[in-house]
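> One letter stands for each residue in the lines below.
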Amino acid sequence: MNKETALWIYQKMNEIRYFEDEVHRTFGKGLIPGFVHLYAGEEAVATGVMALLENDDYITSTHRGHGHAIAKGCDINGMMAEIMGKKDGLGGGKGGSMHVADVDKGMLGANGIVGGGFGLAAGAALSIKTKGLDNVAVCFFGDGASNEGTFHEGLNLASILDLPVIFVCENNQFGEGTPFRYASASETVAERAPAYNMPGIRVDGMDVEAVYNATKEAIERAKAGQGPTLIECDTYRQYGHFEGDEQKYKTEDDPNRDRDPIPEFREKAIKNGWMTGKEADKIEQEAKKTIEEAVAFAEASPLPDEETLYTDIFA
Amino acid sequence: MTNRNITFMTAINEAMAQAMRKDENVILIGTDVAGGAEVDHLVHDDGRYDDAFGGVFGLSKGLVTEFGRERVIDTPIAEHGYFSAAVGAAATGLRPIAELMFNDFVGFALDPILNQGAKMRYMFGGKAKIPLTVRTVHGAGAGAAAQHSQTLYGMFGAIPGVKVVVPSNPYDAKGLMLAAIEEDNLVVFSEDKMLYGMKGDVPEDYYTIEIGKANVVRSGEELTIVAIGKMVQVAEEVANILAKDDISTEVIDLRTVAPWDQETVLESVKKTGRLIVIDESNPHNNTATDIASVVADQAFDYLDGPIKTVCAPNTPVPFATNLEQAYIPNAAKVLKVAEELIVDLKKEPMI
Amino acid sequence: MQGTIVMPKLGMTMKEGTIVEWYKEIGDPVAKGEAVLMISSDKLNQDIEAPIDGMLLARNGEVDDELEVGAVIGVVGAKGSVVPEIEKNASAPTVTAAEISKTTDQQSTVEKSSESKSARIFITPLARRMAAENELDIQSIKGTGGNGRITKQDVLRAIAELPKEEAAVAADTVKTRTKVGEGLTPMRKAIAQNMRNSLEQSAQLTLHRKVTADSLLDFQKLLAKEIESNAIDARLTLTVFLAKATVLALQSLKKMNATYAEGRLTEFDEVHLGIATSLENGLVVPVIQNAHQMTISQLAKEMKTVSEAARNGTADPGLLTGSTFTITNLGATGIEYFTPILNAPETGILGVGALQDELTLTEDGSVKVSKKIPLSLTFDHQILDGADAAQFLGSLSSIIESPFRLVL
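So the sequence lines, in the order shown, correspond to chains H, C and P.
Quick note on the working numbering: the first sequence kicks off at 1307 and runs consecutively.
Quick note on the working numbering: the second sequence kicks off at 16 and runs consecutively.
Quick note on the working numbering: the third sequence kicks off at 61 and runs consecutively.
Hints are computed from structural coordinates only; laboratory data are not their basis.
A quick note: this is a predicted structure, and the numbers were derived from the prediction, not measured.
Every residue gets a Cβ at the ideal spot worked out from N, C-alpha and C, and that includes glycine.
Heads up, a few of these hints could be off.
Using C-beta positions, here's what the derived DEER-type ranges look like [to be verified]:
(1) D312(C) - V467(P): 27 to 33 angstroms
(2) P298(C) - T326(P): 39 to 45 angstroms
(3) D1560(H) - E278(C): 53 to 59 angstroms
(4) P298(C) - P377(P): 30 to 36 angstroms
(5) Q442(P) - E1613(H): 35 to 41 angstroms
(6) K361(C) - G382(P): 44 to 50 angstroms
(7) E221(P) - E354(C): 23 to 29 angstroms
(8) P185(P) - E236(C): 17 to 23 angstroms
(9) N18(C) - T365(P): 41 to 47 angstroms
(10) P274(C) - F1620(H): 32 to 38 angstroms
(11) T204(P) - K214(C): 57 to 63 angstroms
(12) F1620(H) - Q277(C): 32 to 38 angstroms
(13) P68(P) - E1613(H): 54 to 60 angstroms
As a list, the in silico BS3-like pairs of lysine-lysine whose alpha-carbon atoms are at most 27 angstroms apart [claimed, not checked]:
(14) K202(P) - K361(C)
(15) K202(P) - K285(C)
(16) K76(C) - K1554(H)
(17) K202(P) - K351(C)
(18) K1393(H) - K286(C)
(19) K1335(H) - K285(C)
(20) K139(P) - K286(C)
(21) K92(P) - K69(P)
Same shape as in the complex, but just chain H:
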């Protein structure tokens, strides 16, 4: 990892955190309709992976997708406006939090269907492979989704077709309100990979560098035509499953509960000489400002025109 990468990572981590904290507050004020699932605590995964992706690489995301979208380069103003259901939102206010997307940035959408992304990512990788492009597709999914049938179908399909896809599991310990240890018969998600004849790596998902290194290797394999990789990132979600969740299932002993990837990375980056304390402070302040501007932008944006209800059904 070099200085440039580290600074970018630290910026995106902070943008994500401020963004989510702001969404949390705005939701509390009643300005956001519907369901919101926050990414705070898992920033190391999105940024560690996305630091290695280019604009033309694809990702599929989840209902907890704001972090992926920011790290993939989606317009933050447009995201905030989308989440508030405004005209200037990325989807014109028609998708909302669970459907934030920007296909031009290779972001194939947050997804309201748990386990909905496995096949989509495999399909994006099929496009890349068929067209002979030098890109990859990344499927982000939670530990909850790892128990859907689509997990098995998607991994098996990607493996037999040697598709350039990376399956990144964000194991934040809970599928909705149920601990992973109850819902999964296998102790880890990563250990299922050999059944599909692909490498399965479990990394510390609170450590950006660990995520980054595992992803780097997976991308090399994918681009070399050696097929998919499964990376399980052991992480933690700071907020509940959705805003309003009492989180009664959380305990003092939950793994990673006392950790926060952002100060951890700040410390490591300064220690490794990738970033100075001053640079870090500046990034934090700028990120905060970026998000404040995004909120102002979104609040000022009008509601969508009513006739847009009927548009965008068919191409």
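Please arrange chains C and P on chain H, whose structure you already have, making use of the hints.
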């Protein structure tokens, strides 16, 4: 019987609890129907559990505490898996209530319903019964966007071998839920999330409401409005507005979407000659179009105007609040189509 | 002044006609009533006459051309007057749009429908039915519904606006049933309504048959003796025996022991036998409930009880309803055959006439006097056919002729 003023959610919770007390073969299965499995601090000293969720809306709260994790079963997020299991269990002696958290998730749960549960009895020459209740949630209005707000009961209702119930108030919710659980067939019990907080008088005792029978909630002579679930409130609002013009409206709460009560609807239309059906489904191939088709066929000579349907538009459910409100059928939309039907009954234009 | 010659309709089914021969050329003078051309339908040839005096101004078609009914074939007018352009198959103004729409000539249908669009009448199915029932011309009704549609309201208004006499007739056809029996005593009114209702609701047909009663009369005497000696309190009239025979016959033809009302045919296993009983001022039908479970003596007793109650006016209302088949006996009045009216909604009624003495040939060829009962069976031809009814009379006769079957 003691009546209490309780919510729609509480009424359904109570129905499930009463059914589980009455019949030990009744189980509740689904993702987070309790929540917090294997979380130590949720276990009491006497071995009973608290739930972390009690369903994502908290509707089944308390059931795991009373009936234990053997009968209130949290599943992984694996709709196809646990719905298949529910069908298999139903075919072999249990009487499961399987929860599909949002009806939109049916994509992953459809095969067990469409190809297994709905067809086994028929394919096996009557040598199986599937006493399975599928509890699910539909409806727009909560800002839950395109994949958590759809209204799909009509799609379920199009499958032979599936009964579909859509309650409109707490009283009906309890009685229909108990009837659904008693049924020896696969019943989809579809709840509108916007009704969850609705309060109403509900008897404490165990009672059932006949599946397949509509409820005439208001009788009238000149116009019939058939409505489903939440739309019954819209129908009543419209009836009140029309009453100011001395137009007498009959409101029928369909209660059961499949098989819907042709006798009651036809009888009403034969009396009034005019029909509007309100259905929040997308506008094609839904319950409203089916009712319109049967009425056009069976009551043609009694019709004194075209049959009108008021449905959601042919679009996914939008997220933005103003678009979502424009999406949902309301009284103004119904009055607009009613205008053509009742213009000859009144002197002044209505809108 | 001009007059058009139009293709006439020579029969119910004629849709078009063919020009067979023109008698006149354009420019020829013609007199009103003079034959101008001959046309043919698929069966008939007919001369077509000039409608007015004048000159044949135009011919719209040559020999062997087919024109639809109502189409203009030619124009007669004053010499030198301008002839309007005639489209092939153009219709004369007197022909209605409805008739034109019946044509099979697709091209012309399309033309016509676009031409007569403004004249298209929108009317709801209900209003159309009501207008037809009241013989109202829908063209004369103003539609006030959506899209200018004629609705029930408009038809009701049209009925109200009819000249009084017509309105009375129209109203009559709507309300006939409620007016039946008006001005009569309550009992007569009820009878009037029942009789009218019966004849309106069913298709009644009566079959007659004579049955030899000699064996039955012997059997009656035999049983009467038996009963006397056992001091049973019942009079074994011939009607009692006929009732028992009827019950047995009914059980072999359920469709005769049935009701048909509001589109529903209900066949009964039980026989509740109505016995038409005349009173001073009318007629009632007391009912023997569950007659199929009764022996002859029980039947006799029950018939006595109910008919007395009916005559005294003490009959419980329940006793006067619920029959599944009715017997009416005019034997005492000397009537032989008659056509009983169904006790609606029942599907059958048996009329019994006066016993007749007849000369018959015995098996050995000698002549003897024999007793005959004339039977008149009315049935609802909607439900039963003549063969069913004949079968019923046949089985009834065979029981009467072998009366021991009544006690088996």
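> Which numbered conditions among the earlier hints are violated in the structure presented, ordered from lowest to highest?
1, 4, 5, 9, 11, 18, 19 and 20
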